[in-house]
Amino acid sequence: MTSLLAFESIGKTFPGVRALSDVSFTVTAGRVHGLLGENGAGKSTLLKILGGEYFPEEGRILIDGQERAFRSSADSIDSGIAIIHQELQYVPELSVSENILLGRLPNRFGFVRHRAAREWVKQQLERLGVDLDPDARLRHLSIGQRQMVEICKAILRNARIIALDEPTSSLSHSEVDTLFRLVKDLRAQGKGMIYISHRLDEIFELCDDCSILRDGCKVAEFNGMQGVTKDDLVSRMVGREIRDIWGYRPREIGKTRLEVKGLQGKGLTEPASFKVGAGEIVGFFGLVGSGRSELMRLIYGAERRSAGELLIDDSPLRSHDIPASIRAGIALCPEDRKEEGIISCRSVAENINISCRRHYRRLGLFTNDRKEALNARQYIDRLQIRTPSSRQEIRLLSGGNQQKAVLARWLAEQNMRVLIIDEPTRGIDVGAKNEIYTVLYELAERGMAIVMVSSELPEVMGVADRILVMRQGRIVGELPRAEASEAKILELALPVDSRIEAA
Amino acid sequence: MNTQASASAASNTSTPAPIKAKGSGQNSPSPVRMLLEDWSLIIIFIVLFAILSVSVEYFFSIQNLVGLALSVSQIGMVACTMMFCLACRDFDLSVGSIVAFAGLLCASVISSTGSITLGIGVSLIAGAFIGAVNGLIIAKLRINALITTLATMEIVRGLGFIVSGGQAIGISNEAFFALGNTMLLGIPVPVVFTILCFVIFGVALNKTTYGRNILAIGGNPDAARLAGVNVTRSRILVFLFQGLVCALAGVILASRITSGQPNAAMGFELNVMSACVLGGVSLAGGRATISGVIVGVLIMGTVENAMNLQNIDAFYQYVVRGMILLSAVTIDQLKNRNSGH
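Chain order of the listed sequences is D and X. Quick note: the first sequence, position 95, residue 94 per numbering that gives the first Met the number 0, numbers continuous. Quick note: the second sequence, position 50, residue 49 per numbering that gives the first Met the number 0, numbers continuous.
No wet-lab data here; the hints were simulated from the structure. Beta carbons are placed, not taken as given, at the ideal position from N, Cα and C, and that holds for glycine. One thing to keep in mind: the hints can contain errors.
Derived EDC-like pairs (lysine to aspartate or glutamate); straight-line CA-CA distance at most 16 Å [said to hold, decoys possible]:
#1 274/D - 308/D
#2 337/D - 221/X
#3 206/X - 308/D
Label pairs and their in silico Cβ distance ranges [stated by the list, open to error]:
#4 172/D - 154/X: 30 to 40 Å
#5 388/D - 326/X: 23 to 33 Å
#6 363/D - 114/X: 53 to 63 Å
#7 303/D - 112/X: 47 to 57 Å
#8 308/D - 290/X: 46 to 56 Å
#9 326/X - 102/D: 32 to 42 Å
#10 329/X - 172/D: 48 to 58 Å
#11 388/D - 184/X: 40 to 50 Å
#12 363/D - 154/X: 56 to 66 Å
#13 308/D - 140/X: 51 to 61 Å
#14 321/X - 139/D: 36 to 46 Å
#15 321/X - 92/D: 40 to 50 Å
#16 313/X - 66/D: 39 to 49 Å
Turn these sequences into a full structure, and let the hints guide you.
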C-alpha cells in the first residue's frame with residue numbers, strides 16, 4: 000500500500016478558536032477516504048490547508064512520503080491536488096470547455112485555438128461518460144452540471160489526489176449516479192480521494208477508509224469499512240456527552256406573550272399563525288428554503304408583511320419596521336452572525352451598546368460613555384464573554400463569544416419580551432453551545448418568549464419546549480417536546496414529492 | 000482512547016481558547032507596537048514638520064504657518080464631513096462642484112440684492128439641498144454612491160457655469176470680504192471655521208449616537224439595520240451635512256478671492272478624500288478618527304507648502320502628492336494584514 004498523501008499532527012489556530020489540533024491521517028492510492036464530522040468540526044479547514052489557502056502552525060503534509068509546504072493554491076495544484084469545494088469556483092460567462100481548460104487554453108501566438116480546445120474537451124467528456132455540451136455557458140447549466148464541470152476540470156488536470164467537499168448536496172438522483180460512477184472509475188485508476196459528506200449511505204457506498212473529526216481533533220479512524228455500522232459513526236461524530244449538552248430545564252409556561260395571526264409575506268406560501276407563551280421556548284425546524292428564516296424576518300419587521308397581525312401581550316403591533324419591533328420588545332439574533340449580526344470592525348462594547356444606548360442618551364444626542372462602559376462590562380461578566388477587553392474588536396472573538404455579545408445587545412434592552420434566535424449555535428464549539436442554551440433557559444425563566452430556529456434536529460429536540468415544523472413556506476405541524484422524535488419531525492419537514500421519489 | 004481525546008478537546012475549546020489565541024504570536028502585537036501603530040500618523044507628521052522646520056528656509060515662521068493653515072482651511076472643513084461619508088461606506092465626488100456652485104450663487108445673490116445674509120443663506124440652503132438629493136438617491140433609491148455623485152458632480156458644475164455664464168462673478172460689497180480676510184486673535188477667520196468643524200464633527204463622531212451609528216453602518220450595514228439603526232435616515236443626513244459644509248467652504252472661498260469662480264475647486268474632491276485616507280479613514284467603512292483626519296489634512300498642506308517654498312514645479316507636485324497617498328494606503332493595508340483579517 001502506497002500512501003499518496005499524509006497529514007501529520009496538523010494544528011491550526013484562529014483568533015479565539017483552536018480549529019485543528021494534532022490531526023493525522025493518510026490517503027492511499029486507489030482508495031477513497033471518507034471524512035466525517037459535524038459543522039465546525041474542522042473538515043473545511045483541513046481542506047483549505049490541503050488547498051494552500053491556510054498554512055498550518057503545526058504538523059506537516061507529506062506527498063509520496065516527501066514533505067511539502069503549500070504556500071499558495073498554485074503550490075497545491077502543482078502537487079497534483081484538486082479540491083472540489085462546496086462553493087463552486089467557475090466563470091459563469093465562459094463555456095464548459097473554457098472553464099475546464101481555464102489557465103491553460105491551447106493557443107497560438109496568444110490567440111486561443113477554440114476549435115482544438117472544444118474537440119479535446121469533447122473527446123475527454125465522452126471518454127469519461129459525462130453528458131455535457133462543451134459549448135454551453137456555465138450560467139445556463141444546472142448546479143449539478145456545473146459541479147460536474149468542476150470535477151471534470153480536476154480529473155483532466157491529471158490530479159492524483161482529489162478531494163470532494165459534500166459534492167452531492169445539490170445534485171439530482173441521476174447526477175449522483177454519474178458522480179459515483181466517476182469516483183469509482185478514478186479509484187480504479189489509482190487516484191487517492193478524500194470524500195466529505197453528511198450522508199452516511201454515501202460514505203458506506205463509496206469509502207474504503209474513514210476518519211471522524213470532532214472539535215478540531217480526530218476522534219476515530221476506520222481502515223476498511225467492514226463491520227462498521229452507522230451508529231458507530233454517529234456516536235463518534237456527535238460525541239458521548241450528547242445528552243448532557245442541552246441541559247434542558249423544564250419550567251412553568253405563562254400566558255401568551257407573542258401571537259402571530261395570519262402573517263403573510265415574501266417566502267411564505269400560506270398565512271402563518273402561532274403563539275408563544277411567557278417562558279416558553281418554541282423551536283422551528285425546517286429544511287433550507289422552508290421559509291423559517293423568512294418568517295422570523297417578517298415577525299421582526301425586517302421584511303415587509305403583506306397581511307397579518309402580531310400581538311405582544313395581547314396588544315397589537317401596528318407599525319412593522321425594525322425600530323418599532325425593538326420598542327415593542329422583539330429582538331432578533333440573525334442566522335448569519337458574521338454578515339448580519341456583528342459589526343466586525345467595532346469593539347465588543349460597541350456591539351453590545353448599539354441598540355440600548357438610545358435609553359441613556361443625553362440631550363437626545365450625546366452618548367453616555369460611562370453608562371455604556373458599565374453596561375458592556377456587566378454583560379461581559381454575566382454572559383462570560385471571553386475577551387481581553389471590552390474594547391477588543393469583536394471579529395477577533397470566537398464564534399460563541401460573538402454570539403453571546405449579540406445576545407447581550409438584546410439583554411441590555413431592559414424590556415425585551417420576545418427573543419427570536421435563528422441558528423443559535425451555528426459554527427460554535429460544544430462548550431460555548433451549552434453556555435448559550437443556559438442563557439436561553441435563564442431568559443425563559445424570567446418570562447421571555449423565545450423562538451428558536453435551527454437546522455440541527457438534535458438541537459431543536461434538545462432545547463425546545465414545543466416544536467413547529469415548516470415545509471415549503473408554511474407551518475405544517477406542531478409537536479410537544481414529549482412527543483417529538485426525529486422520525487416524526489423529518490416526516491413533516493421533508494418535501495412530499497421527494498419522499499415519493501425516495502421510495 | 001476516543002473518549003479521552005474528546006474530553007480533552009471539549010475542555011480545550013470551552014475555557015482557555017481565547018486566552019491561548021491571544022498569546023499566540025502574530026495576532027497580538029506588543030503594547031509598544033500597538034501604541035506606535037495608533038500614533039504612527041502623528042509621529043510621522045511631527046517628524047516631517049521638524050525636518051522641514053530645520054531644512055526649509057522660511058518654513059517655520061508665523062507668517063508661513065498662518066498661510067499654511069489658510070491654504071488647507073477649505074479642505075479641512077470638507078474633510079470632516081467626508082470622514083463621515085467614507086466611515087459610512089459611502090463616497091462623494093460632488094464636493095468640489097458644490098463648493099464652486101455655492102461661491103457663484105453667493106456672489107450673484109450679493110451682487111443682485113446687495114444682501115450678504117441673503118447670499119450666504121441661499122448658498123447654504125442650496126448646498127444642503129444638493130447634499131440631501133445625493134443622499135436620497137443613494138440611500139432611498141439605492142443607487143451606487145460613486146455613480147450618483149459622479150453625475151451630480153457634473154450637473155452641479157454645469158449649473159455653476161450656467162449661473163455665471165462661464166465668467167467669474169465679482170463681489171463689490173466690502174463687508175463680505177471680512178469673512179475670508181480678517182483675523183480673530185491672530186487666527187484667520189476661515190481657519191477658525193475649520194477648527195470649529197474639527198471640534199463639532201469630532202464630537203459628533205465620538206460622542207453622539209449619530210456618529211456611532213455611522214461607524215456601525217459603515218462596519219456592517221445589514222447588521223446595523225437589524226440592530227435597529229435607521230440606516231436610510233443616517234445616510235441621507237451624512238450627505239446633507241456634506242452639502243452644507245461644502246457650501247460654507249464655497250462661501251468662505253468666494254470671500255477670500257472676492258469673487259465666485261466657475262472653475263474653482265477643480266479636483267477638490269480628490270484632495271479631500273486623499274486627506275481622509277491619509278488620515279487612516281477606511282474606504283471599506285467603519286473606521287475613522289478625527290485626529291487622523293486632522294493630521295491627514297496637515298500632512299497634505301505641509302508638503303505642498305514646503306514644495307512651494309522650495310519653488311518645486313507644480314508638475315512635480317502632482318507626482319509627489321500621488322506618491323504620498325499611495326504609500327500611506329499601502330502602509331495601512333500592510334498594517335491591517337498583520338493584524339489578521
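A quick look at each hint next to the structure:
1. 274/D - 308/D: Given that 16 Å is the threshold and the Cα spacing comes to 12 Å, the pair holds.
2. 337/D - 221/X: Since the Cα atoms of residue 337/D and residue 221/X sit roughly 10 Å apart, the hinted pair holds (cutoff 16 Å).
3. 206/X - 308/D: Cα-Cα ~39 Å, so violated.
4. 172/D - 154/X: 30 to 40 Å: Violated: the Cβ-Cβ distance is about 58 Å, outside 30 to 40 Å.
5. 388/D - 326/X: 23 to 33 Å: holds, 32 Å
6. 363/D - 114/X: 53 to 63 Å: violated, 34 Å
7. 303/D - 112/X: 47 to 57 Å: 48 Å Cβ-Cβ, so the 47 to 57 Å window holds.
8. 308/D - 290/X: 46 to 56 Å: holds, 51 Å
9. 326/X - 102/D: 32 to 42 Å: This hint holds: roughly 33 Å between Cβ atoms.
10. 329/X - 172/D: 48 to 58 Å: Holds: the Cβ-Cβ distance is about 53 Å, inside 48 to 58 Å.
11. 388/D - 184/X: 40 to 50 Å: Given about 41 Å between the Cβ atoms, the range holds.
12. 363/D - 154/X: 56 to 66 Å: violated, 35 Å
13. 308/D - 140/X: 51 to 61 Å: violated, 31 Å
14. 321/X - 139/D: 36 to 46 Å: holds, 44 Å
15. 321/X - 92/D: 40 to 50 Å: About 34 Å separates the Cβ atoms of residue 321/X and residue 92/D, which means 40 to 50 Å is violated.
16. 313/X - 66/D: 39 to 49 Å: violated, 58 Å
Hint check: violations occur at hints 3, 4, 6, 12, 13, 15, 16; the rest are consistent with the structure.
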